[in-house]
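If you read the protein sequences in the order shown, they are chains S and G.
Heads up, the first sequence is in the numbering used here, so the first residue is 1 and it goes up one at a time.
Heads up, the second sequence is in the numbering used here, so the first residue is 1001 and it goes up one at a time.
No wet-lab data here; the hints were simulated from the structure.
Among the hints, erroneous ones may be present.
When the alpha-carbon atoms are kept at most 20 Å apart in a straight line, the in silico EDC-like pairs for lysine to aspartate or glutamate are as follows [said to hold, decoys possible]: (1) K1056/G x E104/S; (2) K78/S x E44/S; (3) K68/S x D57/S; (4) K68/S x E14/S; (5) K1026/G x E44/S; (6) K68/S x E44/S.
The following label-pair restraints were derived from C-beta to C-beta distances [what the hints assert, rightly or not]: (7) V1044/G x S7/S: 15 to 23 Å; (8) P84/S x S1039/G: 17 to 25 Å; (9) P8/S x K1026/G: 35 to 43 Å; (10) P61/S x S1039/G: 36 to 44 Å; (11) S1028/G x R64/S: 21 to 29 Å; (12) S58/S x S1028/G: 19 to 27 Å; (13) S1028/G x R96/S: 18 to 26 Å; (14) L1061/G x M15/S: 39 to 47 Å; (15) E1053/G x E18/S: 42 to 50 Å.
Quick partial rundown of chain G residues pointing at chain S, CB under 10 Å, derived from the structure [to be verified]: (16) G1016; (17) Q1037; (18) L1043; (19) V1044; (20) F1088; (21) F1098; (22) G1099; (23) A1100.
We treat Cβ as the ideally placed atom computed from N, Cα and C, and that holds for glycine.
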Amino acid sequence: DAGVIQSPRHEVTEMGQEVTLRCKPISGHNSLFWYRQTMMRGLELLIYFNNNVPIDDSGMPEDRFSAKMPNASFSTLKIQPSEPRDSAVYFCASRRATGAVNTEAFFGQGTRLTVV
Amino acid sequence: SQQGEEDPQALSIQEGENATMNCSYKTSINNLQWYRQNSGRGLVHLILIRSNEREKHSGRLRVTLDTSKKSSSLLITASRAADTASYFCATAGDFMRFGAGTRLTVKP
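Chain G on its own, in the form it takes in the complex:
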């Protein structure tokens, strides 16, 4: 299976704090992608990190990838209430399978 598994299942923080979510996977990958889903909406792509990259930044997002441990982390800095959503990782082989996601709540 190329499914990623996110951890923790739920995370609640105050606005301004940083949020860290983790993803573990089992197979070798070409790249790993993170997505966000707002309630009742489709998933939106956030960031893609290739297997030969160790860290990538996009605005307030920072993604790391450790292929030796088959894990990735997503850090959201200076969180905002609008960051409240579910976050998913996908190990982007052919079949794009997702884990259960991390439900992030940012309290104003």
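If we strip away everything but chain S, and leave its shape as in the complex, we get:
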């Protein structure tokens, strides 16, 4: 398996533009996480999907952020409009969750977003 695949790896955009980050989880995994990492705030959980359904989006900072998971093999994180303070590395992770047993999570390589 190729692991969790994120695209693009790097994105530079101007303030006010729409940004879409993409994630392909590992086949067979039914849980997907989006994280944001900055020096100041560390690794923040933005949203968590289970079986394609958003379970907890309390970490999504503002209405400018939205995430979708239309099927088990694809998820997007969209920022519209983007602002310089959104600059960070965004990680997607997936894992297989069966009942009360949660397995290890696998992370993608991340998307480094710079908003100028």
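Fit chain G to the given chain S structure using the hints.
Same frame as chain S, now just chain G:
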């Protein structure tokens, strides 16, 4: 919150020495996991310890878990320069939240 908090924030040692990092958490757990992050990369899973286990080994890694104190420790023995990274614990409930991590530097 199911977030783990790592301690110390930073640790610098010489190659060959042992490194110990600690994690404290607040809620009851099914298991606790340790991850490593090399600079600019995604997190990589190291080891998982279940709530009914007290100690687990994997190569040069040794993890302990004390559920009565809600704490865990990660010991890396005979450290190498390649162990330089940030280490995170996660109390693996549904929401997989991470603490600030311990930044380990192993000097050659």
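The hints, checked one at a time:
1. K1056/G x E104/S: 15 Å, holds
2. K78/S x E44/S: The hint holds at about 16 Å.
3. K68/S x D57/S: Within the cut-off at roughly 11 Å; holds.
4. K68/S x E14/S: 23 Å, violated
5. K1026/G x E44/S: Between K1026/G and E44/S the Cα gap is close to 18 Å, so the pair holds against 20 Å.
6. K68/S x E44/S: Distance ~18 Å between K68/S and E44/S Cα, so the pair holds.
7. V1044/G x S7/S: 15 to 23 Å: Holds: the Cβ-Cβ distance is about 20 Å, inside 15 to 23 Å.
8. P84/S x S1039/G: 17 to 25 Å: 23 Å, holds
9. P8/S x K1026/G: 35 to 43 Å: Cβ of P8/S to Cβ of K1026/G: about 37 Å, so the range 35 to 43 Å holds.
10. P61/S x S1039/G: 36 to 44 Å: Given about 25 Å between the Cβ atoms, the range is violated.
11. S1028/G x R64/S: 21 to 29 Å: For S1028/G and R64/S the Cβ distance comes to about 35 Å; the hint is violated.
12. S58/S x S1028/G: 19 to 27 Å: 20 Å, holds
13. S1028/G x R96/S: 18 to 26 Å: With a Cβ separation near 22 Å, S1028/G and R96/S satisfy 18 to 26 Å, so the hint holds.
14. L1061/G x M15/S: 39 to 47 Å: The hint (39 to 47 Å, Cβ to Cβ) holds, given that L1061/G and M15/S are roughly 44 Å apart.
15. E1053/G x E18/S: 42 to 50 Å: 47 Å, holds
16. G1016: 29 Å, violated
17. Q1037: 8 Å, holds
18. L1043: 5 Å, holds
19. V1044: Holds. Min distance 7 Å.
20. F1088: 7 Å, holds
21. F1098: With Cβ-Cβ at 5 Å, under 10 Å, it holds.
22. G1099: Hint on G1099/G: holds, closest Cβ of chain S at ~7 Å, below 10 Å.
23. A1100: 5 Å, holds
Hints 4, 10, 11 and 16, counting from the list given before, are not met by this structure.
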